[in-house]
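*Asks:* If you read the sequences in order, they're chains W and G. First residue of the first sequence? That's 1 in the UniProt record's numbering, and the numbers climb one at a time after it. First residue of the second sequence? That's 1 in the UniProt record's numbering, and the numbers climb one at a time after it.
Incorrect hints may appear among the rest.
[Said to hold, decoys possible] Listed next, the in silico SDA-like pairs over lysine to any residue satisfying Cα-Cα at most 25 Å (straight line):
| # | chain 1 | residue 1 | chain 2 | residue 2 |
| --- | --- | --- | --- | --- |
| 1 | W | 205 | G | 153 |
| 2 | W | 205 | G | 157 |
| 3 | G | 42 | W | 272 |
| 4 | W | 27 | G | 154 |
| 5 | W | 205 | G | 266 |
| 6 | W | 27 | G | 274 |
| 7 | W | 205 | G | 275 |
| 8 | W | 27 | G | 155 |
| 9 | W | 205 | G | 267 |
| 10 | G | 42 | W | 271 |
| 11 | W | 27 | G | 268 |
| 12 | G | 42 | G | 247 |
| 13 | W | 205 | G | 269 |
| 14 | W | 205 | G | 258 |
| 15 | W | 205 | G | 262 |
| 16 | W | 205 | G | 272 |
| 17 | W | 27 | G | 153 |
| 18 | W | 205 | G | 271 |
| 19 | W | 205 | G | 252 |
| 20 | W | 205 | G | 154 |
| 21 | G | 42 | G | 198 |
| 22 | W | 205 | G | 274 |
| 23 | G | 42 | W | 269 |
| 24 | W | 205 | G | 265 |
It should be emphasised that the hints constitute simulated quantities derived from the structure, not laboratory data.
What follows is each chain in one-letter form.
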Amino acid sequence: MSVVADVNVRTSDVLTVRGLTVTVRDKTLVSDVDLSVGPGERVGLIGESGSGKSLTALSVLGLLPEDVTASGSVRLTGVDHELIGADERRMSRVRGRRLAMVFQEPMTALNPTMRIGDQIAEAMLIHGTRPGRGAARAAAVELLERVQLPPDTLRAYPHQLSGGQRQRVVLALALANDPALLICDEPTTALDVTVQALVLDLIVKGVVARAAALLFITHDLAVVATVCERVLVMYGGRVVESGPVGEVFTRPRHRYTEGLLAASDLETTQRRLTTIPGNVPPAGQFPSGCVFRTRCRHATEVCATTPPWTGSETTGFACHHPAEAVDD
Amino acid sequence: MTDTPAAIQVVDVVRTYTRPRTSLLRPAPVVRALRGVNLEVKEGERFGIVGESGCGKSTLLRIIAALDHATSGHVVVEGTDITRLPERRLRFLRENLQLVFQDPMSSLDPRMRVRDIIAEPLVVQGHPASGARVRELLEAVGLSADAGDRYPHQFSGGQRQRISIARALAPRPRILIADEPVSALDVSVRAQVLNLISDLVDELNLTLVFVSHDLSVVKHVCDRVAVMNAGQIVETGFTGDVYAAPQHPYTQRLVSAIPTLHRALAGATTTDLLAAKGEPG
Numbered sequence: 001m002s003v004v005a006d007v008n009v010r011t012s013d014v015l016t017v018r019g020l021t022v023t024v025r026d027k028t029l030v031s032d033v034d035l036s037v038g039p040g041e042r043v044g045l046i047g048e049s050g051s052g053k054s055l056t057a058l059s060v061l062g063l064l065p066e067d068v069t070a071s072g073s074v075r076l077t078g079v080d081h082e083l084i085g086a087d088e089r090r091m092s093r094v095r096g097r098r099l100a101m102v103f104q105e106p107m108t109a110l111n112p113t114m115r116i117g118d119q120i121a122e123a124m125l126i127h128g129t130r131p132g133r134g135a136a137r138a139a140a141v142e143l144l145e146r147v148q149l150p151p152d153t154l155r156a157y158p159h160q161l162s163g164g165q166r167q168r169v170v171l172a173l174a175l176a177n178d179p180a181l182l183i184c185d186e187p188t189t190a191l192d193v194t195v196q197a198l199v200l201d202l203i204v205k206g207v208v209a210r211a212a213a214l215l216f217i218t219h220d221l222a223v224v225a226t227v228c229e230r231v232l233v234m235y236g237g238r239v240v241e242s243g244p245v246g247e248v249f250t251r252p253r254h255r256y257t258e259g260l261l262a263a264s265d266l267e268t269t270q271r272r273l274t275t276i277p278g279n280v281p282p283a284g285q286f287p288s289g290c291v292f293r294t295r296c297r298h299a300t301e302v303c304a305t306t307p308p309w310t311g312s313e314t315t316g317f318a319c320h321h322p323a324e325a326v327d328d
Numbered sequence: 001m002t003d004t005p006a007a008i009q010v011v012d013v014v015r016t017y018t019r020p021r022t023s024l025l026r027p028a029p030v031v032r033a034l035r036g037v038n039l040e041v042k043e044g045e046r047f048g049i050v051g052e053s054g055c056g057k058s059t060l061l062r063i064i065a066a067l068d069h070a071t072s073g074h075v076v077v078e079g080t081d082i083t084r085l086p087e088r089r090l091r092f093l094r095e096n097l098q099l100v101f102q103d104p105m106s107s108l109d110p111r112m113r114v115r116d117i118i119a120e121p122l123v124v125q126g127h128p129a130s131g132a133r134v135r136e137l138l139e140a141v142g143l144s145a146d147a148g149d150r151y152p153h154q155f156s157g158g159q160r161q162r163i164s165i166a167r168a169l170a171p172r173p174r175i176l177i178a179d180e181p182v183s184a185l186d187v188s189v190r191a192q193v194l195n196l197i198s199d200l201v202d203e204l205n206l207t208l209v210f211v212s213h214d215l216s217v218v219k220h221v222c223d224r225v226a227v228m229n230a231g232q233i234v235e236t237g238f239t240g241d242v243y244a245a246p247q248h249p250y251t252q253r254l255v256s257a258i259p260t261l262h263r264a265l266a267g268a269t270t271t272d273l274l275a276a277k278g279e280p281g
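Please model the complete structure; the sequences and the hints are all you need to start from.
*Replies:* So, in structure tokens, the structure goes:
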């Protein structure tokens with residue numbers, strides 16, 4: 001296996017995103033996102049629809065739609081060039097090799113006209129990580145075994161499999177070349193809860209076995225808490241809070257995180273759930289300044305200015321009126 | 001048990017579908033969607049039906065709402081056996097039993113204004129569809145009166161689900177059936193819609209049948225729950241009991257597979273989700 005080269009002090013992180021901004025025509029969809037994932041670290045990215053979490057992932061992969069442009073910096077360990085703005089020829093050598101993605105909908109991620117075994121073998125042959133067709137085949141069998149699929153899955157077509165089986169095939173594909181970073185975008189949202197449990201477990205085991213880093217995108221707080229060590233909360237295209245899971249989910253500082261936690265608490269004995277007033281604005285129509293101020297009970301005039309980031313790079317929040325820190 | 005009359009009784013309902021023949025020589029394959037379902041929902045009760053995809057929960061709902069017919073067995077709604085009734089004699093059911101579906105975009109006509117959507121059940125049933133009633137309904141679901149002039153695409157997912165609820169409540173039903181009403185919604189909006197359903201059920205004394213794949217949502221909303229698996233009800237009980245001490249192996253697996261913040265912060269890993277235990281946490 002390849003040895004991680006060029007490790008110096010600042011770039012020891014597997015993924016380093018700095019000042020990522022995604023725009024479409026005159027609308028800003030993601031603004032100034034900083035994000036780093038350390039080696040073997042499992043980081044969650046949570047947010048509701050329109051928060052920009054999927055666009056962040058697509059920017060890293062260089063898979064943004066045609067008229068959507070990203071600026072800022074995205075660096076991946078072992079890749080000596082900037083990922084933002086890299087041409088397709090260079091990106092296709094990174095994608096599926098050092099960086100792999102599991103999408104929400106496995107049917108669209110698989111080729112309906114190719115047998116499962118050929119698709120997995122192809123991923124390895126394209127990047128030349130296995131010496132030949134036979135070796136790639138054998139590796140495919142082993143990969144399928146790791147995701148608990150029988151060897152005869154090799155000869156099946158995607159439509160012959162269930163949703164959970166397909167998602168496991170996609171996972172096997174993503175892990176085929178031992179990527180340094182695996183990105184999962186809502187990988188279990190379309191699955192039943194018992195199947196979700198299996199797929200989540202396979203993702204974590206696959207990542208841990210390869211000492212790969214994981215960036216896990218979801219709207220489900222409980223899933224993030226189970227899978228990840230660190231979490232970033234996104235709203236309106238900005239990271240509003242980040243920190244260790246235990247910290248952010250027990251002592252939230254940003255008012256949005258606080259509201260989201262209360263709204264998702266179904267364990268409450270009260271008949272009525274705590275809600276966040278209003279609706280998530282459509283993408284690109286978030287207010288200036290603090291993006292959450294139109295729905296925030298604590299908003300004042302100062303919130304019309306963009307709140308500065310408080311705290312360290314990995315643990316902090318951006319709010320003018322944060323919730324009380326318990327240990328202060 | 002016999003104090004309150006039953007709003008819905010389902011007795012030994014079986015539903016089989018015949019698939020297209022695959023061979024000239026063999027009979028057409030048969031799918032057994034429901035395999036002898038029995039349940040009883042009391043008047044004024046909040047009853048949940050939980051199950052994973054393909055377990056037959058939607059088929060059961062369609063049969064209760066007389067949108068489909070049982071192959072055998074009976075469905076009694078408010079004392080009337082609806083199993084073999086022709087459509088022209090189901091009018092009482094259409095007035096008293098209303099549905100809210102999962103996807104508000106596909107259940108609202110994109111070419112109709114919201115006020116016409118809400119008034120449609122009234123018009124169809126020959127009631128006077130007054131503007132006052134529509135405004136009253138819009139207000140009840142927390143939408144402004146001018147929302148009536150707009151079209152469904154101008155609303156967000158949560159607001160569309162409010163429109164569906166307003167339409168369902170228009171003919172003043174006594175039974176409200178909600179099929180995964182919050183599955184497509186964001187967390188912050190989900191809480192609003194769950195509160196709305198809960199409030200309306202209380203205010204209007206409705207019987208609620210709430211179908212979901214998510215046991216934790218059902219636990220919050222419902223008093224009693226039936227767990228379905230492979231066309232059968234495997235366990236019925238008070239939601240708190242079923243959640244805390246599931247009896248059937250399938251329910252145990254289902255309960256332990258639900259990731260919760262509480263368990264995760266206590267150190268539960270993804271492997272713990274797979275271990276079927278009677279006691280979660």
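*Asks:* Which hint numbers doesn't this structure obey?
*Replies:* Those not satisfied are hints 1, 2, 6, 11, 20.
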